[in-house]
Amino acid sequence: MDIELSGSVVDGCAVLAIAGEVDVYTAPAFRDRLIEMVAVDPFVVVDLTGLAFIDSTGLGVLVAGRNLALEHGGAMAFVCTQDRVLKLLRITGLDSVFDVHAAVDGAIAGLRAAR
Amino acid sequence: MGMVTIQLPSAPAHVRTARLIAAAMARRAGVAENLLDEVRLAVGEACARAVQVQMLEGITTPITVEMADDNGFAVIITDRAATAAPIASATRGGSADRWGAVEAAPIAGLAILTAVVDDVQITAGVPNGTRVQVRWPVDACA
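Quick mapping for you: the protein sequence lines, in order, are chains A and B. Position 34 of the first sequence, counted from 1, bears residue number 34 in this note's numbering, the numbering being contiguous throughout. Position 26 of the second sequence, counted from 1, bears residue number 141 in this note's numbering, the numbering being contiguous throughout.
It is worth saying that the hints were derived from the structure and are not from the lab. Only a predicted model underlies this, so the values are computations on that prediction, with no experimental measurement involved. Backbone N, C-alpha and C define an ideal beta-carbon position, used for all residues, glycine too. Check the hints yourself; a few may be wrong.
What the hints assert, rightly or not - Footprint (simulated), chain B over chain A, 3 or more residues, beta carbon under 8 angstroms:
1) 43-56
2) 88-94
What the hints assert, rightly or not - Derived contacts from chain B toward chain A, CB cut-off under 10 angstroms, selection only:
3) Val130
4) Arg134
5) Asp152
6) Cys162
7) Arg164
8) Gln167
9) Ala223
Please construct the entire structure, taking both the sequences and the accompanying hints into account.
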């Protein structure tokens, strides 16, 4: 497996940090973990700072995860500082839809405001 | 380098292999360092799309990945899925469910590919599949 998924609770907020390469092969594991986390608490921070690569399949998981959180009355915030990932979010227009922050504490504050 | 051809097993696990080989060959061919992320993304998207459309049709034939450096650095990815339009195959299955965005990835993949790479040609029906060609300039001094 080319990704590492680590869930934690920071200041009472669920945070999923993903590291490695998210593609058509690894996206299902990422998706399954997001589903599990949203089922427990639909307010989730997804930390993308450890990503070495993400493609459209991975972006699809982010979109679907966020939609799932919203369906459950929650919200999803993302932490991203890498230019290559931010560029992909801009190209796909997801930057105007996603709640993206430069650090985990900012993302947690964003979710607190949404609760 | 001339032409290098890889028969990539039609399985998601091997898409990363194609990305790694393409990036290594692009570097060797003289593609600028700041374009290598683009090479990885484009080849990854094209191969992922090829694998996905073949899986939708139950085709296990390998994906052909050709790389050449005689006119810039070009990568040609050819699948054998009869469904010429990936949009049709991608929207046919599962798009109504919650994880539809994942199923629809072949569409998004090509959209990203064409947005990221300046020189891209997508040809359907060649002869029974789709051919995606992406090309980058190389540094003449490399």
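Does the interface hint hold: is Arg134/B within less than 10 angstroms of chain A, judged Cβ to Cβ?
-> Constraint on Arg134/B satisfied, holds at 7 angstroms.
Per the CB criterion, is Asp152/B less than 10 angstroms away from chain A?
-> 5 angstroms, holds
Can the hint on Cys162/B be confirmed by a CB-to-CB distance to chain A that is less than 10 angstroms?
-> Since chain A brings a Cβ to about 8 angstroms from Cys162/B, closer than 10 angstroms, the hint holds.
Agreement of hint Gln167/B with chain A interface, Cβ distance less than 10 angstroms | 6 angstroms, holds
With chain A as the partner, please determine if Ala223/B meets the hint condition of a C-beta pair closer than 10 angstroms.
-> Holds: closest Cβ of chain A sits about 4 angstroms from Ala223/B, inside 10 angstroms.
With a cut-off of 10 angstroms, does the beta carbon of Arg164/B approach a beta carbon of chain A closely enough for the hint to hold?
-> 8 angstroms, holds
Interface hint for Val130/B, Cβ within 10 angstroms of any Cβ on chain A | 6 angstroms, holds
Would you check chain B against the segment 88-94 of chain A, counting CB to CB pairs closer than 8 angstroms, and say if three or more residues qualify?
-> holds (count 3)
8 angstroms C-beta test of the segment 43-56 of chain A against chain B, three or more residues | holds (count 3)
No hint from the list above goes unmet by this structure.
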